[in-house]
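Student: Letter by letter, the chains look like this.
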Amino acid sequence: MGFDTSATKSIFFIASVIVAVVLSGVFTGVTYKLSSDIDTRGSMLSSVLKSDIEIINDPENVPYNATTNELIIYVKNTGKNILPTSDLTIIIDGFVVSQDNFSIEMLGGYTSWSPGVVIKITIIESLSAGDHKIKVVLNNGVYDEMYFRI
Amino acid sequence: MGFSEIAVAAVLFSTILLIGISLGSSYFNYVDELNEAKRVNNEILYSKINTRVLILNATYYTSNSTLILIFENEGDIVLNLDLVNILVDGILIGNVTDFTYDVNGRNDTTYAFQQDIVKVQIPYGTTPSRVTVVADSGVKAIANVSVQ
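Heads up: the sequence lines are chains A and B, in that order.
Just so you know, the first sequence maps onto residues 1 to 150 in the working numbering.
Just so you know, the second sequence maps onto residues 1 to 148 in the working numbering.
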């Protein structure tokens, strides 16, 4: 085997190893991303399936102060997860209530919204006498809604 | 087969093996997590479907400003009285265990089993008209209050 043949073989060897390593790196990167996305998707679905809330107000007796426009809604965590209260969305009669117009209080001296714990949501919203609909939506899309009368 | 082909084949084979292991492990974790979540979801739904609270009597006694509330666990789920809420005239006033209560005459338990009757004495300043009992699962029972 001459020097020329050896050099050519060496160049082919190095080139093919480089190509294989680059391809391997690309595949590994894609796989890592895919694997991480599968984990995220699993956690999201798990969070949705384990979360549940219930508006526990008496629909015919919802506390509402017509002078201060304060509406009080009680929402119970009936799921199995601790829920965040920071990203709640409140929709009344199809309109989203601004974050500045409602406040949340944890009842019973609890510091987190654990299963069985009730939160009190005080909403400032001018409502006419009659029937209305309220929807409380969690950050993962789980919601409960209730028709009520003022 | 030359040395270079063997080296490339080894690199690609090990990459494919790693990809297989990584994706396989993620998939099985995903399926496990989903199965566990589905089990929990079934538990939540089962508990909602099988909870039934029946208010047998709600009477307000003006003589001692006390509301006596009597309800029965008519469902197939054990009620945890620590998590059973009471609303009077739409205002949440607390859980059953916040007041004087008994279960079938016993006050040494915080659970109401199937067909158990719970009696709660609630001191209340004004004459109420409606009372709501909310079970752990969020199922409600609403009744008018009679006054004596």
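Hints were generated in silico from the structure; no laboratory data involved.
On a predicted model such as this, the values are computed, not experimentally measured, just so you know.
Careful: at least some of the hints might be erroneous.
[Unchecked claim] Okay, derived cross-link-like pairs now, BS3-like style, lysine-lysine, Cα gap no bigger than 30 Å in a straight line:
(1) A:Lys120 to B:Lys38
(2) B:Lys119 to A:Lys135
(3) B:Lys119 to A:Lys9
(4) B:Lys48 to A:Lys80
(5) B:Lys119 to B:Lys48
(6) A:Lys135 to A:Lys80
(7) B:Lys48 to A:Lys135
(8) A:Lys80 to B:Lys140
(9) B:Lys140 to B:Lys119
(10) A:Lys133 to B:Lys48
(11) A:Lys133 to B:Lys119
(12) B:Lys140 to A:Lys133
Student: For each hint given before, does the structure comply? Return the numbers of the non-compliant ones in rising order.
Tutor: 2, 3, 11
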